[in-house]
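J.: So you can see what is in the structure, the chains are spelled out below.
Protein chains: 4
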Amino acid sequence: MCRWNAYVGEPLVIGELLYRTRHGLIDQSLHARMGAETTNGDDFGVGWYGAGDRAVPARYRSVNPAWNDVNLRELADHIESPLFMAHIRAAVGSPVQQMNCHPFRHGRWLFVHNGLIRGFQAMRRDLLLEVDPSLFLGIAGSTDSELLFHLALTFGLEEDPLGAMERAVAYVEARGGEHGVEHPVQMTVGIADGERLWAIRYSSERSSRTLFVSADLDAVRRLHPDNERLQQLSEGDRVVVSEPLADLSGAWLEVPESTGLVVANGVVEQRPFEPR
Amino acid sequence: MCRWNAYVGEPLVIGELLYRTRHGLIDQSLHARMGAETTNGDDFGVGWYGAGDRAVPARYRSVNPAWNDVNLRELADHIESPLFMAHIRAAVGSPVQQMNCHPFRHGRWLFVHNGLIRGFQAMRRDLLLEVDPSLFLGIAGSTDSELLFHLALTFGLEEDPLGAMERAVAYVEARGGEHGVEHPVQMTVGIADGERLWAIRYSSERSSRTLFVSADLDAVRRLHPDNERLQQLSEGDRVVVSEPLADLSGAWLEVPESTGLVVANGVVEQRPFEPR
Amino acid sequence: MCRWNAYVGEPLVIGELLYRTRHGLIDQSLHARMGAETTNGDDFGVGWYGAGDRAVPARYRSVNPAWNDVNLRELADHIESPLFMAHIRAAVGSPVQQMNCHPFRHGRWLFVHNGLIRGFQAMRRDLLLEVDPSLFLGIAGSTDSELLFHLALTFGLEEDPLGAMERAVAYVEARGGEHGVEHPVQMTVGIADGERLWAIRYSSERSSRTLFVSADLDAVRRLHPDNERLQQLSEGDRVVVSEPLADLSGAWLEVPESTGLVVANGVVEQRPFEPR
Amino acid sequence: MCRWNAYVGEPLVIGELLYRTRHGLIDQSLHARMGAETTNGDDFGVGWYGAGDRAVPARYRSVNPAWNDVNLRELADHIESPLFMAHIRAAVGSPVQQMNCHPFRHGRWLFVHNGLIRGFQAMRRDLLLEVDPSLFLGIAGSTDSELLFHLALTFGLEEDPLGAMERAVAYVEARGGEHGVEHPVQMTVGIADGERLWAIRYSSERSSRTLFVSADLDAVRRLHPDNERLQQLSEGDRVVVSEPLADLSGAWLEVPESTGLVVANGVVEQRPFEPR
Numbered sequence: 001m002c003r004w005n006a007y008v009g010e011p012l013v014i015g016e017l018l019y020r021t022r023h024g025l026i027d028q029s030l031h032a033r034m035g036a037e038t039t040n041g042d043d044f045g046v047g048w049y050g051a052g053d054r055a056v057p058a059r060y061r062s063v064n065p066a067w068n069d070v071n072l073r074e075l076a077d078h079i080e081s082p083l084f085m086a087h088i089r090a091a092v093g094s095p096v097q098q099m100n101c102h103p104f105r106h107g108r109w110l111f112v113h114n115g116l117i118r119g120f121q122a123m124r125r126d127l128l129l130e131v132d133p134s135l136f137l138g139i140a141g142s143t144d145s146e147l148l149f150h151l152a153l154t155f156g157l158e159e160d161p162l163g164a165m166e167r168a169v170a171y172v173e174a175r176g177g178e179h180g181v182e183h184p185v186q187m188t189v190g191i192a193d194g195e196r197l198w199a200i201r202y203s204s205e206r207s208s209r210t211l212f213v214s215a216d217l218d219a220v221r222r223l224h225p226d227n228e229r230l231q232q233l234s235e236g237d238r239v240v241v242s243e244p245l246a247d248l249s250g251a252w253l254e255v256p257e258s259t260g261l262v263v264a265n266g267v268v269e270q271r272p273f274e275p276r
Numbered sequence: 001m002c003r004w005n006a007y008v009g010e011p012l013v014i015g016e017l018l019y020r021t022r023h024g025l026i027d028q029s030l031h032a033r034m035g036a037e038t039t040n041g042d043d044f045g046v047g048w049y050g051a052g053d054r055a056v057p058a059r060y061r062s063v064n065p066a067w068n069d070v071n072l073r074e075l076a077d078h079i080e081s082p083l084f085m086a087h088i089r090a091a092v093g094s095p096v097q098q099m100n101c102h103p104f105r106h107g108r109w110l111f112v113h114n115g116l117i118r119g120f121q122a123m124r125r126d127l128l129l130e131v132d133p134s135l136f137l138g139i140a141g142s143t144d145s146e147l148l149f150h151l152a153l154t155f156g157l158e159e160d161p162l163g164a165m166e167r168a169v170a171y172v173e174a175r176g177g178e179h180g181v182e183h184p185v186q187m188t189v190g191i192a193d194g195e196r197l198w199a200i201r202y203s204s205e206r207s208s209r210t211l212f213v214s215a216d217l218d219a220v221r222r223l224h225p226d227n228e229r230l231q232q233l234s235e236g237d238r239v240v241v242s243e244p245l246a247d248l249s250g251a252w253l254e255v256p257e258s259t260g261l262v263v264a265n266g267v268v269e270q271r272p273f274e275p276r
Numbered sequence: 001m002c003r004w005n006a007y008v009g010e011p012l013v014i015g016e017l018l019y020r021t022r023h024g025l026i027d028q029s030l031h032a033r034m035g036a037e038t039t040n041g042d043d044f045g046v047g048w049y050g051a052g053d054r055a056v057p058a059r060y061r062s063v064n065p066a067w068n069d070v071n072l073r074e075l076a077d078h079i080e081s082p083l084f085m086a087h088i089r090a091a092v093g094s095p096v097q098q099m100n101c102h103p104f105r106h107g108r109w110l111f112v113h114n115g116l117i118r119g120f121q122a123m124r125r126d127l128l129l130e131v132d133p134s135l136f137l138g139i140a141g142s143t144d145s146e147l148l149f150h151l152a153l154t155f156g157l158e159e160d161p162l163g164a165m166e167r168a169v170a171y172v173e174a175r176g177g178e179h180g181v182e183h184p185v186q187m188t189v190g191i192a193d194g195e196r197l198w199a200i201r202y203s204s205e206r207s208s209r210t211l212f213v214s215a216d217l218d219a220v221r222r223l224h225p226d227n228e229r230l231q232q233l234s235e236g237d238r239v240v241v242s243e244p245l246a247d248l249s250g251a252w253l254e255v256p257e258s259t260g261l262v263v264a265n266g267v268v269e270q271r272p273f274e275p276r
Numbered sequence: 001m002c003r004w005n006a007y008v009g010e011p012l013v014i015g016e017l018l019y020r021t022r023h024g025l026i027d028q029s030l031h032a033r034m035g036a037e038t039t040n041g042d043d044f045g046v047g048w049y050g051a052g053d054r055a056v057p058a059r060y061r062s063v064n065p066a067w068n069d070v071n072l073r074e075l076a077d078h079i080e081s082p083l084f085m086a087h088i089r090a091a092v093g094s095p096v097q098q099m100n101c102h103p104f105r106h107g108r109w110l111f112v113h114n115g116l117i118r119g120f121q122a123m124r125r126d127l128l129l130e131v132d133p134s135l136f137l138g139i140a141g142s143t144d145s146e147l148l149f150h151l152a153l154t155f156g157l158e159e160d161p162l163g164a165m166e167r168a169v170a171y172v173e174a175r176g177g178e179h180g181v182e183h184p185v186q187m188t189v190g191i192a193d194g195e196r197l198w199a200i201r202y203s204s205e206r207s208s209r210t211l212f213v214s215a216d217l218d219a220v221r222r223l224h225p226d227n228e229r230l231q232q233l234s235e236g237d238r239v240v241v242s243e244p245l246a247d248l249s250g251a252w253l254e255v256p257e258s259t260g261l262v263v264a265n266g267v268v269e270q271r272p273f274e275p276r
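Respectively, the protein sequence lines represent chains H, E, W and L. Just so we're aligned, residue 1 is where the first sequence starts under my numbering, counting upward by one. Just so we're aligned, residue 1 is where the second sequence starts under my numbering, counting upward by one. Just so we're aligned, residue 1 is where the third sequence starts under my numbering, counting upward by one. Just so we're aligned, residue 1 is where the fourth sequence starts under my numbering, counting upward by one.
Bear in mind the hints are in silico, worked out from the structure with no lab data behind them. Note that the structure is predicted; figures quoted are calculated from it, not measured. Beta carbons: idealized from backbone N, C-alpha and C, even for Gly. Incorrect hints may have been included.
[Claimed, not checked] Per label pair, the in silico range of CB-to-CB distance:
no., chain 1, residue 1, chain 2, residue 2, range
1, W, 135, E, 51, 45 to 53 Å
2, E, 13, W, 130, 54 to 62 Å
3, H, 274, L, 55, 46 to 54 Å
4, E, 51, H, 55, 34 to 42 Å
5, W, 250, E, 51, 35 to 43 Å
6, H, 234, W, 13, 55 to 63 Å
With these hints in hand, go ahead and build the complete structure from the sequences.
T.: In structure tokens form, the structure reads like this:
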């Protein structure tokens, strides 16, 4: 459906990852190779934390296709950030409007989702009721993604992102079962709080959308000594992407099925993702 | 907050009422005189029934200000309709996005609202729960107006528009009371089904936004024998407006406080509007 | 670059050709098969003549991708026209903005273009100077297509559309030669005046974008007696398209290289297109 | 027609001047007090230089009304700049589209304009011809303002901004005279190159739109010892505005009729502006 990228590391000009990589995210908005749809032209959004105060991330979201948005290009060339996420959407069912653009935000938290909740229209009312009333007003749009985020917030995302996502997914799968939906959840998800980045690859049918994390830079640099872009990145910088940004052998590690990652201080930790 | 117009009668080019009257709706989008806000520039929408099949009205809705929308001008000049409604919005609280633009639609029904539900954010979850689950999916946006429409649909709008609106308003007022909101409802409302037009002026505090209906044309024409526009209208044509379109003495009758109208076949019936 | 369709015949609901044909124009906005680009998502426009007065055609143009434009779907379902043109654009060089959307209009004339003027940026000033000063103000955007239209108007399009287009193309080719551009013009063009439809397939290199015209309906119907849509069309109805709307053998005739068509009263006339 | 603000000094969060002053620019987009129009809701733009490299300023421009643009609010809260300009437009004649939004840009230069060239449609072709062919391609839109900027560039703006503007205005006035336009130019103009800020107040009829520059901060602070915002500003910070941002006595100096300013390193120099 969609594509997303996330970066955490030394402050980087956002455009480096959006525009200036072969098969970067903006190129993928026209020509995705590994997604369910080749065109991701319905809308997009970028969320980023400042180098200083990281209490409230900024967002730029628009219902133009990413590839022709003049403002996105301007911002991408001028904004530098130590932690940012970008998302391009091929809308499925939900209206194309700004409040439906990722990333979603709650306080210092950002959230992006590639995938869908199957049978969402039938389940939507039930899921909305489960959202904590104090969080209910935060739901400004009509997507399955935003509702999944608010379920996870209800289930404790701010204390334990991966655990809360497991509980939220389990809840959706239980409701889906009641509505006769065989495989309710398909997702890769990115979550950030200004310091850390979480990423999840999961689907009820255990056949999830692709997700990759950049390898240890030192190793990659030795393999590609002539690549200028790689030389600019720092040791602990990490990128998580729906599909690889370039065809560098050894540069991208596929995140395994049903797995959650935490990236912090340049270290990637991995653990099984098991909704229950 | 907003302004709206509705017309029912012989097929009329929409632009006649939007652009080609002194102080027409588009002019009001910049310079409303009687509204709570002088600028109604956040978004707009027009809904109209075709001269033939009236089963599904068409809509054109946009988040541009009405006064500079090139497409609206094109459509207004070329579309002729026996029954149409137009609405311009000064957004209060709700995001400016297409799904929040009036008129709202359900099957053959159109609905516009000027005013607000006070304390809506606090009540929103309760009100959503009261909407019939089969109607729940029809709520695509996040406004108080669209939710009020779906409450009225839940309470029987398709059989008895004025009665259902009374029940819906009473329900909102009861919930408002629980939340400590003194005067929850402020509204003028327009409703159409392709043949008839209903209009309501009401507020919990009995101090409602203005609403006017055009007088019997025959009388008005005798008063203004030189007015070309009036000569073009037919006997049974009626216009309902938030504020008068021109300063023709005798042409506009103020709808009384707490009153509902039905306009059908050129006849205007009036009755008290009493939520309970 | 782009795709376009044009229809002339008995009044037809516009959506029949935009949405309700296999591989219709809106589908082509996502998945064009024969174009230089597979995605035509930058902007679009529709122009149509009313069944009554055909003096000024109406337009609806937008910078949204055609496939997700809610208003386009509404209009396409409700507007009936005896002569209309629709265009979807994959922008090359020119900004995506409403004034750059086809069809362009001058009085009763509509104009759509698929292709480009190579070396346009270098030639633009020269070409602008050639436009008749009285027509100069009609140029509201910055595309090669709109400028080509105004050159043709300067060279007599309103009296002799094909001849004026030949002169305009010859002029561009001459200027291109001066700027060292080898093959300056690549185009299929559609032109209408409310009664007739002209179509041209031409390129300086004699390797032009595809263009097709629907065959005589009677013959096609005999080949496909079970096709409901074909049965609805009338004898003299004709469609001109960048690529065929469905895979009906015998239904589409490819317009030959360097050829101009006139469609009027159900009759298609064809002649060589020879800029000089 | 329009309103604009410019700031030069210590890096400042843009939103401080756009949103967080009484009667700030966004408030003026709805309720201008001193302008020719009270509503400036057609489009807007912000241009800013980074704290580091000032070679290419960034821009965010949009055809939404400034007061409801969610992205503008996000950016204004997160972007800090030592030199920025913001502009809100009430369009007169020119289409509302992104390429017509101020500020205009050429290399490191930014340009905003409040006012108009009278008789512009009649003069447009002549003025375009005077633009240096090497600059011609930089004209992406259709406004009088952008063309005035390119005339000044043609006449040497990059070497001598005020002198080039005098020559450009004199040229327009001469062409206007030929076309029988009595007072062709009405303007306040802001120009920046990353280090310095120029501002001009001028009109052919010597009755120009208002323009103000902030007074020496030290003096103002002594007058308003309790104003927190003033305490945050540094000695050399300067603001130039179409109308005062708050009613602080002594804080705003009206720029005299027919005058040009240069603001650099906290010093404001003033000289007569005399087109010839």
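J.: Hints first: check each against the structure and report whether it holds.
T.: A quick look at each hint next to the structure:
1. W:135 with E:51: 45 to 53 Å: Roughly 37 Å apart at Cβ, these two residues miss the hinted range, so it is violated.
2. E:13 with W:130: 54 to 62 Å: violated, 38 Å
3. H:274 with L:55: 46 to 54 Å: For residue 55 of chain L against residue 274 of chain H, whose Cβ atoms are near 52 Å apart, the range 46 to 54 Å holds.
4. E:51 with H:55: 34 to 42 Å: violated, 58 Å
5. W:250 with E:51: 35 to 43 Å: holds, 37 Å
6. H:234 with W:13: 55 to 63 Å: holds, 60 Å
Of the numbered hints given earlier, the model fails hints 1, 2 and 4; all others are met.
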